[in-house]
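**Q** Chain order of the listed sequences is A, B and C. The first sequence finishes on residue 498 if you use this note's numbering, and the numbering steps up by one all the way, no holes. The second sequence finishes on residue 372 if you use this note's numbering, and the numbering steps up by one all the way, no holes. The third sequence finishes on residue 1076 if you use this note's numbering, and the numbering steps up by one all the way, no holes.
FYI, nobody ran anything at the bench for these hints, they're computed from the structure. Treat each hint with caution, since some may be false.
Examples of chain C residues toward chain A, derived with CB under 7 Å [claimed, not checked]:
#1 620
#2 624
#3 634
Treat the numbers as computed from the prediction; the structure is a model and nothing was measured. For glycine and all other residues, C-beta sits at the position ideal for the given N, C-alpha and C.
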Amino acid sequence: MNILSVLVIIPLLTMLALFVSKGQKFVRTVVTAGFGLQLLCAVAMAVMFLQERAVSDAPMLLCSDTVWYAPFNIHYTVGVDGISVVMILLSAVVAFAGVFSAWNMERDFFAWYSLLSIGVFGYFISLDLFAMFMFYEIALIPMFLLIGVWGTGKKIYAATKLTLMLMGGSAFLLTGILGIYFTSGASSMNIMEIVQTGIPVNHQYWIFCLTFIGFGVLGALFPFHTWSPDGHAAAPTSVSMLHAGVLMKLGGYGCFRVAIFLMPQAAQELSWIFLILTGIGVVYGAYGAVVQTDLKYMNAYSSVSHCGMVLFAILMLNQTAMTGAVLQMLSHGLMTALFFSLIGMIYGRTHTRDIREMGGLMRIMPFASVGYVIAGFASLGLPGFSGFVAEMTIFIGSFEHADMFRRVLTILATTSIVVTAVYILRTVGKVLYGPVQNPEHLKLDDAHWYERFSAVALIVCIVAIGVWPSGVQGIIYDSLAPIVEHLNLF
Amino acid sequence: MISMEHYLVVSSIMFFVGIYGFIARKNLLAVLISIELILNSVEINFSVFNRYLYPEHMEGVFFSLFGIAISAAETAVAIAIMINVYRLASNIDIRHIDKLKY
Amino acid sequence: MGFSVYIILVPMLMFLVIGLGSTKLSPRAAGIFGTLGLSVSAVLSYITAFRYFFAEGLQEGIYSSITAWSVEWLRFSDKLHIDMGVLLDPISVMMLVVITTVSLMVHIYSFGYMKGERGFQRYYAFLSLFSFSMLGLVVATNIFQMYIFWELVGASSYLLIGFYYTKPAAIAASKKAFIVTRFADLGFLIGILIISFCTGTFDFGLLTADNASLAVTSMAGGSFLGLSTATWAMTLLFMGAAGKSAMFPLHIWLPDAMEGPTPVSALIHAATMVVAGVYLVARMFPLYLFAAPDVLTLITYVGAFTALFAAIIAIRQTDIKRVLAFSTISQIAYMMVALGVSGMGGHAGEGYTASMFHLFTHAFFKALLFLGAGSVIHAVHSNEMEAMGGLRKYMPVTHWTFLIACLSIAGIPPFSGFFSKDEILSAAFSHDKVVFVVLLLVAGITAFYMFRLYYRIFWGAERQYEKHPHEAPSVMFIPLVFLALLSCLTGWIPFSHFISSDSVPYDLGINWWIAAGGILVSLIGIIMATRLYRRESDLPERIASRWAGFWNAAAHRFYIDQAWLFVTKKIIFRCISTPIAWFDRHVIDGAISGLGTGTEKLSGAIKGIQSGRIQTYAAVFVWGVIIIAVCVFIF
């Protein structure tokens, strides 16, 4: 069996196994085994990919194809290139770490969590637009239950808002996909085939806008980002991790894989509109985060800024900036998952996320606090962490554009790194340093082993990419070469 | 000679009277009578068309007979409903029967 | 000389060992690990310096740049890539010696100063991290490597300033230091973007080769808002340098940074990190000189103004560490001016040599001043001059070493400061008379405030000390003595034989006319300080009251901090962030929620049609049929 399909089957089996398992201990064993296996499998897949890439220069590797619904010629087509490999590794790591952050959750939670993973992994391996869309929807639906049932605060409101907004995006998307299907002249919905046949330019414009906005909603494209603060704030820890860490990347990946890759002319001509939007998003998110008082809200706005950077770089349509975009997805995924995991630890103990009510946590929970400082440094782009590599690649790549409009936008985007420093250090100073605000907090304990495990796993990945970026950067950069060449044909 | 048109005029009048009654009358019994008027106007039409256009066939007449049977059954059901409505509301004003909404 | 990479890697290793094992290691073990690591680095850098200057570096009469070690770290595109490497040339080797020496002294000194502090291991871990970053910065082979380590020194400085993290003042100071320098680094980054875009390389060797011809040709022609590309790029680079080196108006973080432990101030905020800006300008000097000479003029004037400005403020400070902080700002500005007035090659490049020379001597005597101040603070448990007086009897070693340092910074021969300051004055004199006069004035003020500090600490009436002040333990005064020796001796090094703007050794004598003027001005300053502060009197008060407004402004550091605070608090927080947050919650989110509630309202409005009355439905149906019938009939 194709290794890529295994990536979808493992969470499916995990979910089925969960339905027959009883007792917290057994559930934990099943979930840990399932997602551990998934991680191993993802690593094995990456190794196989690298081996195969050494001998083949096909754009997509490890492919497999099965007819799914013959009348419309819908196939279940899978295949990966360097970008999807990186995304799959990210998802596997974050999902695995998320299990440990959700250590005390019940069986049904993990069942939905597994379903979510099926959607995520299926999405990244699919090459058929229909299958891709279906997995995308599979990933969205469990989110409603995970937030609505196990969330905190205004959870029903948040879950409804999030689901409805993303469904709205899906509506755009579905229209766009049907548009691609009927105008491209290809016999199937296979992305690689559609690229060959091409889409008539007059149709490209509206399809590009629809698909870019459709995926952009999930990628926190300004002004369609408002599901993010409420959704993240209400979601339970591991769902926030998976959502901000992986699900938001579905948006960026889709913008790149569908909107830009299939509609190159429209992308060239219309990119300025979306560049302005994302440029606003980058700076706007950063300034918005400065005055937040809720840790999760702050992080959500910071995600708007960082994910805005992803879309911003993708729209620059050159190889360096796009490499930076994928690196930023990777880096932001790990970093924000780490942030949410630590916020979950702090919230689980202090029962507040309001930074005005906390202080001096460094003395009380040193592990969580040091982790938070590290996450903060990674977020503000300190060298040695993944964020720096990603942001610098984006800036260098964006600045390569000879046209003044893009360069001025790039310079505006770079200002966000200063604002990021402001809000990160403000939070660190208020929450972790200083005297203890609430004497009750003195009784709290530090992180448990499973929480430590989750945080350490993520920190190791962040530092590994930050210290030795050329490995992962090389994979992405090489895979982008044919794509950028294709884009520049027009 | 009574032509087909005469019959049709009568049945049309019956039909529209029935429609008017159905829409305007507030008493359930009157509404039921209006429905009967509509049905009967249709049955007249069936018979008339049969008799004038295709005298060698009998389907129209049979259909009228069939309709009469149906309307009899329907009347029985309707009156049963009316009795129940009367038991619930002590009257048979149609304005009380508006639970079928949203 | 590939071994020189270990100069950098050993402190990194020590950081990892101490940092990861901080809960397991005893404080003593952590300190020993850190100190040993740095001793290894120091020895290696002495070997490197010796071999570079006396054996391998000088080829055909020119000090060549040697890339001792290099590896490609990240490739952006076909042309642009970041390498991590070790570049050995006169200034980087000189910096290696300065950093490892001062850092080693601080490591040893901290054993005594930080004894019994909570977080002793953390302190040594951060010191190692800082040493690693700073060493990585100076040996950078390309501008991006420099930027990377530039950021890392900023972060380690943040961590060390905020070492006492329960003290609100320390938290605020660390935050301020990081954000201000980060803001300046934004300029640095954009400068790098412009330079790399135009020249297609980050490499210092390629950028500065042949009088920076690559940069000159590639940046020619373009302009933006009336200034040429080169001017923009180099000004933005200077912005980064000004942030790190605390040039006006980005100097506000440095005085506050004194909230950190005193040895840290000696290492980071006096001897090494703050001169990184000077080092950057020196590194890019050919670009400044040939591609953007107008920026060099800007540097000169900013430097001269900062030197005077900081010196005036220093007179009015009462916290001894702040006096030293402003004196640091003023001295670094001196170095900047020296670079600004320099030309290229031989005696025209006197300013370049002088700047590096002053950097070298200043590192030792300023570290000595800080460590001496640390030992005073250790004894009296206060930073305020009010709490001190008459300490010379109790702390003889500290007293004498402090005096040497004061004489050195005041520029009195034969101490090291005299030699380097004389070269700077001479360079300024041959370039710009106004700047020269300003610098001369600053030299006098420097002598005055340093001796004010000296007299108020060690002379004057004794205070009521809670505990009897005592001399520092030997682990603290050995570094003092060693640095005092360096302050006496380093001036005699024939610096122009090693460092020059074009790497060709030349002879640079002392310009005795200017030296005489400098000494005279300094002596006037010292005499005035002696007259005013040797004994307690009300004379200083009376003089001050004549220019009360001016003096008060100086005491409040001319309200620059308030101005910045206004910009950040009022403008960024109130006028940008709060409205944006409001806009997001109410307008954008409101629009989305409005879509939801709008749909709900609409469905509420139209659900009345579904009334449940059969007769209504029938009426609508009939009318519908009639309308359709009529339509069909008509069309």
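**Q** For each hint, tell me whether it holds in the structure or not.
**A** Hints, one by one, checked against the model:
no. : hint : in the structure
1   : 620  : 6 Å, holds
2   : 624  : 5 Å, holds
3   : 634  : 4 Å, holds
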